[in-house]
Every structure is written in C-alpha cells, then in structure tokens.
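First to last, the protein sequences are chains A and B.
Numbering-wise (the numbering used here), the first sequence opens with residue 1 and increments by one.
Numbering-wise (the numbering used here), the second sequence opens with residue 1 and increments by one.
Quick caveat, the hints were computed from the structure, so don't treat them as lab data.
You may find that some hints are simply not true.
No distinction is drawn between identical chains; accordingly, a pair holds when it is met within one copy or between any pair of copies.
To be verified - Lysine to any residue pairs mimicking SDA-like chemistry, simulated, CA-CA at most 20 Å apart:
no., residue 1, residue 2
1, 302, 211
2, 380, 424
3, 424, 214
4, 380, 115
5, 363, 373
6, 363, 426
7, 57, 368
8, 380, 236
9, 373, 388
10, 363, 324
11, 363, 388
12, 373, 425
13, 380, 151
14, 363, 387
15, 57, 189
Number of protein chains: 2
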Amino acid sequence: MKDYSDATKRFLLAAKNAEIQALKQLSANCQLVTAVKDVIHQMQRERGISNIFLGSKGQRFATQRHDQIKISIDHEQSLRRRLKSLYLNGEASIGHMRLLSNITLALQGMDNLSLLRHKVEELRITPLQATQAYCRLIAGLLCVVFEAADVASDPAITRLLVALFNFMQGKEYAGQERAWGAIGFAETHFDSTLCDKLEQLQIAQKHSFSIFAEFANKEELDTWQAMEEGELLADLERFRGMIRQLADGSSIACEISEVWYDIATKRVDEMQRIEEHLTTRLLSAATQSVIDANANLENHKKQLHQLQTAPLVQSPLTMLFDPQMPGLKGSEDSEQTEINSAEPLSTHRSFYDLLRGQAAHIKRMATELDEAKRAITEQKVIDRAKLLIMQQWQISEDQAYRRLQKSAMEQNMKIADIANIVVKQVGR
Amino acid sequence: MKDYSDATKRFLLAAKNAEIQALKQLSANCQLVTAVKDVIHQMQRERGISNIFLGSKGQRFATQRHDQIKISIDHEQSLRRRLKSLYLNGEASIGHMRLLSNITLALQGMDNLSLLRHKVEELRITPLQATQAYCRLIAGLLCVVFEAADVASDPAITRLLVALFNFMQGKEYAGQERAWGAIGFAETHFDSTLCDKLEQLQIAQKHSFSIFAEFANKEELDTWQAMEEGELLADLERFRGMIRQLADGSSIACEISEVWYDIATKRVDEMQRIEEHLTTRLLSAATQSVIDANANLENHKKQLHQLQTAPLVQSPLTMLFDPQMPGLKGSEDSEQTEINSAEPLSTHRSFYDLLRGQAAHIKRMATELDEAKRAITEQKVIDRAKLLIMQQWQISEDQAYRRLQKSAMEQNMKIADIANIVVKQVGR
Numbered sequence: 001m002k003d004y005s006d007a008t009k010r011f012l013l014a015a016k017n018a019e020i021q022a023l024k025q026l027s028a029n030c031q032l033v034t035a036v037k038d039v040i041h042q043m044q045r046e047r048g049i050s051n052i053f054l055g056s057k058g059q060r061f062a063t064q065r066h067d068q069i070k071i072s073i074d075h076e077q078s079l080r081r082r083l084k085s086l087y088l089n090g091e092a093s094i095g096h097m098r099l100l101s102n103i104t105l106a107l108q109g110m111d112n113l114s115l116l117r118h119k120v121e122e123l124r125i126t127p128l129q130a131t132q133a134y135c136r137l138i139a140g141l142l143c144v145v146f147e148a149a150d151v152a153s154d155p156a157i158t159r160l161l162v163a164l165f166n167f168m169q170g171k172e173y174a175g176q177e178r179a180w181g182a183i184g185f186a187e188t189h190f191d192s193t194l195c196d197k198l199e200q201l202q203i204a205q206k207h208s209f210s211i212f213a214e215f216a217n218k219e220e221l222d223t224w225q226a227m228e229e230g231e232l233l234a235d236l237e238r239f240r241g242m243i244r245q246l247a248d249g250s251s252i253a254c255e256i257s258e259v260w261y262d263i264a265t266k267r268v269d270e271m272q273r274i275e276e277h278l279t280t281r282l283l284s285a286a287t288q289s290v291i292d293a294n295a296n297l298e299n300h301k302k303q304l305h306q307l308q309t310a311p312l313v314q315s316p317l318t319m320l321f322d323p324q325m326p327g328l329k330g331s332e333d334s335e336q337t338e339i340n341s342a343e344p345l346s347t348h349r350s351f352y353d354l355l356r357g358q359a360a361h362i363k364r365m366a367t368e369l370d371e372a373k374r375a376i377t378e379q380k381v382i383d384r385a386k387l388l389i390m391q392q393w394q395i396s397e398d399q400a401y402r403r404l405q406k407s408a409m410e411q412n413m414k415i416a417d418i419a420n421i422v423v424k425q426v427g428r
Numbered sequence: 001m002k003d004y005s006d007a008t009k010r011f012l013l014a015a016k017n018a019e020i021q022a023l024k025q026l027s028a029n030c031q032l033v034t035a036v037k038d039v040i041h042q043m044q045r046e047r048g049i050s051n052i053f054l055g056s057k058g059q060r061f062a063t064q065r066h067d068q069i070k071i072s073i074d075h076e077q078s079l080r081r082r083l084k085s086l087y088l089n090g091e092a093s094i095g096h097m098r099l100l101s102n103i104t105l106a107l108q109g110m111d112n113l114s115l116l117r118h119k120v121e122e123l124r125i126t127p128l129q130a131t132q133a134y135c136r137l138i139a140g141l142l143c144v145v146f147e148a149a150d151v152a153s154d155p156a157i158t159r160l161l162v163a164l165f166n167f168m169q170g171k172e173y174a175g176q177e178r179a180w181g182a183i184g185f186a187e188t189h190f191d192s193t194l195c196d197k198l199e200q201l202q203i204a205q206k207h208s209f210s211i212f213a214e215f216a217n218k219e220e221l222d223t224w225q226a227m228e229e230g231e232l233l234a235d236l237e238r239f240r241g242m243i244r245q246l247a248d249g250s251s252i253a254c255e256i257s258e259v260w261y262d263i264a265t266k267r268v269d270e271m272q273r274i275e276e277h278l279t280t281r282l283l284s285a286a287t288q289s290v291i292d293a294n295a296n297l298e299n300h301k302k303q304l305h306q307l308q309t310a311p312l313v314q315s316p317l318t319m320l321f322d323p324q325m326p327g328l329k330g331s332e333d334s335e336q337t338e339i340n341s342a343e344p345l346s347t348h349r350s351f352y353d354l355l356r357g358q359a360a361h362i363k364r365m366a367t368e369l370d371e372a373k374r375a376i377t378e379q380k381v382i383d384r385a386k387l388l389i390m391q392q393w394q395i396s397e398d399q400a401y402r403r404l405q406k407s408a409m410e411q412n413m414k415i416a417d418i419a420n421i422v423v424k425q426v427g428r
C-alpha cells in the first residue's frame, strides 16, 4: 500500500516551490536595497554641499554642487532602472504591498528633486528647509530598506538586512549631526536647544550602531571598532566637547564650520566601507539561498522518483502513528514536539521521512526568522509607543522618546520592554 | 510641472494590486479553513465512536461507526477537492510555504486514515492508540488553521481567524477530555495521574476559550455565555467533581461511561454552532475585502485619469516639503509622524494626496495587523519557551507548561510575558 496520495506529493513540491518564489522575491529586494544605499549616500553628500552653498549665499561649493548633482542623477537613474526591471515586469503580485507603497513614496520624492535643486540654485530656500527636504527623501528611502527587512523570509538574510538598515540609519543620524553642527557654526553660536538636538542625535547613533553590532560579522565589527578608535572620531569628539561648552551662547568664528564639516564628512564617507561590505555579503547570500533551494527541490524530485520505483514498504510510518507528532495532551508518547529530522525514521528513506524533513526545515526557518526579526519588532513597538505618547500628551517625537528612555532607566528595563508596556496599556 | 513620473504612478497601482492579490490569497485560505473545520468535527466524532467500539471489543457502535466513516469520507473528499482547486491550479507561487507544508502533513495523515480504520475494524489497536492517531491528524489540521491566521494580511480577518483557531483548539481539548474520561470509566477507576490530565485539559480549554472571547463578536459571546451557563455544562461539572473524588483510586461502574460520553458529546456538538457562525462571518468578510479593494483600485484609476486631464497645479505638495513626513530629527516641523489622510492637503486633490492616503491606509492596516497578531505571537512564544524548558530540564511538555504557569502565578505576570523572558534568556 502506498502511504501517500498524488495530491500530497504535489503539495510537498508546491511548498518547496513557494519557498523558492519567496527567496527569489527576497533576492530582488536585496538588489533594490543595494541600489537604495547608493542613492542615500549621494543624497547625503548633496545635502551637505547644498547646505554650504546656501549658507555662503552661493559663494562656495557651486562647482562641487554641480558635479555632485550629476553623480546623484546617475545613481538615481540606476535605481529607477533597477526598480522597473525588478518590480514592473508584467507579472502580477510581485512584491509586497508595504514595500511597494514605500517605494512609491520615495519615488515621488525623487520625482521632485529637480524642483528642490532649482530652489537651491536660485537661493529661494533656507539651508534648514533644504536640509529638511533631503532628510525626508532619505527617510523615505530608509523606509524601503526597513520594509525589505520586515518582509524577508530567510533568517540569515534578515539578520544582514537588520544590520544594514541600522548601520544606514546610524550613518544618517551622523549626517544630521553634521547638518545641525554646520547650522550652529554658520550662525556663530550654539544655544542649549541646539546642543540638546546634537546630543539626541549622538544617542540615536549609538542606539542604531549597537543593533548593527549585534547582527554584523567579525570583519565588519573589526572595521567598525577601528573606526571608533581612530583619529577621525577623536577629532569629532573634541568638536563635540567644544560645542557642549558653547551651550551658554558664547559666539564662535564661523570659519570653523568648514573644519567641522570636513571631519564629519570624512567620517560619514568612511562608513560607506562597512555598507559596501554588508551589501556584498547580502547579495551573495541572497543568490546562494535561491541556488540552494533549487538544488533541494531537485533532490526532493529525485528522491520521490526513487520512492516510486522502490519496492513497497509493508507498514510505513505515517504522521498518524509518529510518536514525535503532537497529539493527545497528557499521553506518554506525545511528549516530544520538536521534529527531529537528523536521521530517517525507517531503515530506508520513506515518503514520510522526506515530508518530515521538509516540515522540520520550514519550522526551523520560521523560528530563526522570528528571532532575527526581534530587532525589527522592537523598533516597531518603540515607534508605536512614541506615537501613542505623542498623541496622549501632545508632545514632540523627541520628547516622547526621552520619556521612554527615562522610564527605562528608572525601572532598569530595556526601552523596547517599556515601549511594549505602553502599547499594551494605552493602545487598547 | 507634473509632480509625479509614470513609474511612480505604476508603483502606486502595483501596491494596490499587491494588496488585492494578498486578499484573494487570504480569501482562498478562509475557504480552506472552513472545509478543515468540517473535517475536524467529523474526525472528533469518529474518534469518539471508534473509542467506544474498541472499548466494547466491537460490541457497541458498529453501525454508528460505519455511518460516521461514510460522513467523514464525504467531508474529506470535499476538503481534498477544495485544496486542489485553491492551491494546485497551475499558477506558481500561490500559497505560503508554511501553510503548504502544514497542508502536506495533514494530507499524509488523511492518506493513511483507511489503514487506521482497518486496524480499528479488526480490533488490532488499543482505544488509546486509536485516539492518539486521530488526535495527531486533528492537531495537523489545526496547524493549518493556525498558519492561515499567521499569514493573513487583513486585521479584521486575522481577528476572526484567531477567534476561530482558539475556539477550535478549545473544542479539541474538550474532545480530548471526553476521550480520557471515557478511558477512565472504561477502566472503572481514575488514578491521580488521570485526574491530573483531565484538570490540565480543563485549564487548556479555559485558556483557549478566553482568547476566543477576546476576539469574538457580541452574538458569538452571547451564544457562548448561554452555553457556559446551560444545563449541559452543569451536568459536566457534576461529572468533573465526581471524577476528582475518585482520584483515590476507588472503582466505579463502567456503565456510567456512556452517560459521561453522551454529555461530553452533546457539549462538543453544541460548540459547532459557534464554529459555523465564525466561519460564515469569515467567508463574508474575506469576500467583501476583495470587493472593497477592487473598488478602491478602480477609484484610484479614475482619480489618476482626472489628474491627467486637470489643469496643472503651480506648486503641488510633494513628500519633500510635507511637514507631516519624518525628516531631520529635532526640527520643529517634523514632529508629527502620523500621516493623517482625513482631508486632502491641497484645495483640490493632487497625486500626492492619493499617494499619502494609500500610504496611510497601508500603515494603519499594518499597525492593526500587528495588534491582531498579538495572540498568535504570544502562542508562538509560549510554544518556543515550552520547548526550551523541555530540552533544558528533560521534562515533558505538560511539565514545562506547568513550570511556566507556576512562575507566572508567583510573579503575578501573564504566562506569555514569562515565556518571553525564558526565550530571551535561554534562547540565545
């Protein structure tokens, strides 16, 4: 008697095919993320250069700005080509709605870049307004990376995407610190509000980079540590200390602005090396996962073929009689719920062995995926809690975050755990 | 100047199409769940009848068993037809790998039902073994329902699926309580181990039904409350009390078995009404969600067409200059992060209004979905913690669960929160 029907066999293969489809989709998302990373880097440079151009009333950095815009447009075009070929190739239902929605928003920002550049060119916009506009576009692009991580189906790739997103987010906070600093120096004084903003951005960087460190590999960590212990950060720290002493409002020569800008820029540019390393690993892991899953499918098909030609087994094991399957609660032989696929149950491989192996593989992936997504879930809970606090107390995002931070310190808990309590209490 | 490119427009529609595809998939999963519910109910009946047939050495319930098997096969065939038409219709990438994998496992169980029935027919299996086999198949089918809830993309439908899964799980625990009770009466005595198992099943029912109650609507709650306050439960409670008093091992006449069985069966059958109510609501909500999303897409297309023929706006709002978009951290006008889509930003609707409305819709859905999935996430964390405790202390699943329960009581915390701590501590 055969222990499986044709439909069962087809579903076994359908599950494997669904896995391959999901990995292909993920691989496309990884290619997108790599192109997004390049555009963000160029936008950060263009933002900084435009800032100095506007601050000097068009006297400085006019050529640099011109050259940078050319480079920016090149990368933007490349991202647009990538987007079209990856997601608009005629097939329906490609891509996840949340990812596609975030792409749309970022695209609309890019559609209007020429308008922004025109305003900068004609000095019809303040440095702060221009900075803000670039920040919004970068935030929109970062959302695309965050969603790509959130919809990923492979644990190893999710870990890489979480590391990459947090590193990029930390780098963007570093870019924003540079921008606020430049504005302070340009205005020749730092008040306590501005000092406070700079400190918040330093805390935010620390937080993002610590999550990156949790998910990065040794090589990336070593590079990062060398950067953190290097000359550049020491210089930056000296500047940070100097700015803190200026909180009383004493003035400073505006020429120092360019020194600050130069150091901060070198640091941000240096960070690109780690981004490159992460995306290289990401693309190779994504490609490999599709290859592995395809090989696995072929292997499944071969084994199924062998089973069909093999002599029939007298009494094959089925899920109905497998003591490792959960069943009657309290029964002695149903205590193990972990499916162990290390060795076949029968002396020769049966259809059920194949089936059980795949179920164990998919279950293991799901468990590891949940673990890898912990950082994403925590980020979402913190964002949700912030929003609820903002609405309840009519305060700003920064104030809401500081409230969470204070509670966490007072109660000696992680900020994500405090956020979780807030969401459960207020959110219902 | 037009404030959006053709690619942006195409991505806006692609996001909407992806939403529709996801809802169609969800609608298919809801149809599957409805068919699974029917098969589980018949398997529960067949398990009970087979138990008495085996317990009486084939003297009782031979005809009932024969009739029941016919009904079971009808429902099984109907589920198989549904499975084929919903998931094996030639299109690739239909269905989620975890759902498909669980379907495969349940199908293999059904493939081998005739073998189980044959063993029961020839009395070559003990009542406990047969019960165990039916339990495993039902557990496999329940996993399909759980996965359908886990991969759902719509918050309202997820809430319904969570209510349905937990109700079905509670009903299954009620069925298992009936089975253990029947075994005790058949053996004419209850020892403390058996009493303990029955108590665990009562606790498990309470837990499942409380989650159902959290997600059910008023009508379902009223029906449930009437059942809980009705004659049947009172009778059952009297039996439960009597069994507790038999923990000392005193014997009881085995004839009482059928009275116990009859009451427990009536209760389980009565539960079917609530299942029906839930699945009716589920199917109508799933169908409606696809209709609504399609209408929404048509509306989007119409508005896009109107925008193309409308006179050009001088300075349309873009995400670059939208104060509601997050941007520079610490900037005064970037404090609001919640996108409010209630009214258009411009006096006339612009492309950006449309885009922002959709982004807000998708974001709201995602937040509500996270909230609706809380119960599923908690269940997964509890399962994971149980497994880790089992492995660490080499104890059974029930013992592991009781340890969690005890810690939760001692520390006055929810069991899911304790499980979360265990997973974070042990799981790394």
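Status of residue 115 relative to residue 380 across identical chains (alpha carbons, at most 20 Å): neither (33 Å within a copy, 49 Å between copies)
Residue 380 and residue 236: within-copy, between-copy, both or neither at 20 Å Cα: neither (31 Å within a copy, 45 Å between copies)
For residue 57 and residue 368, with the copy left unspecified, which applies at a CA distance of at most 20 Å: within, between, both, or neither? Classified as neither: same-chain Cα gap 54 Å, cross-chain 48 Å, threshold 20 Å.
How would you label the pair residue 373, residue 388 (within, between, both, or neither) given a Cα cut-off of 20 Å? Only across copies: residue 373 and residue 388 sit 19 Å apart there, 23 Å inside one copy, limit 20 Å.
Within, between, both or neither, where residue 373 and residue 425 count as close if Cα-Cα is 20 Å or less: Between copies only: 17 Å across, 23 Å inside.
Checking an output row: residue 363 and residue 426, CA cutoff 20 Å. Within, between, both or neither? between (34 Å within a copy, 19 Å between copies)
Check residue 363 against residue 324 for me: Cα-Cα at most 20 Å, and say if that holds within a copy, between copies, both or neither. Answer is within: at 14 Å inside a copy they meet the 20 Å cutoff, but 41 Å across does not.
Intra- versus inter-copy proximity for residue 214 and residue 424 (alpha-carbon distance at most 20 Å): So residue 424 and residue 214 pass the 20 Å test across copies only (14 Å; inside, 27 Å).
One pair to classify: residue 302 and residue 211, alpha carbons no more than 20 Å apart. Within, between, both, or neither? neither (43 Å within a copy, 45 Å between copies)
Reference check for the pair residue 363 and residue 387, CA-CA at most 20 Å: within, between, both, or neither? between (34 Å within a copy, 13 Å between copies)
As a check of your reading, is residue 363 near residue 373 (CA-CA no more than 20 Å) within one copy, between copies, both or neither? Answer is both: 15 Å inside a copy and 18 Å across each meet the 20 Å cutoff.
Homo-oligomer pair classification [residue 189, residue 57; C-alpha up to 20 Å]: Within one copy only: 19 Å inside a chain, 95 Å across chains, cut-off 20 Å.
Violation of the numbered hints given earlier is confined to hints 1, 4, 7 and 8; the remaining hints are satisfied by the structure.
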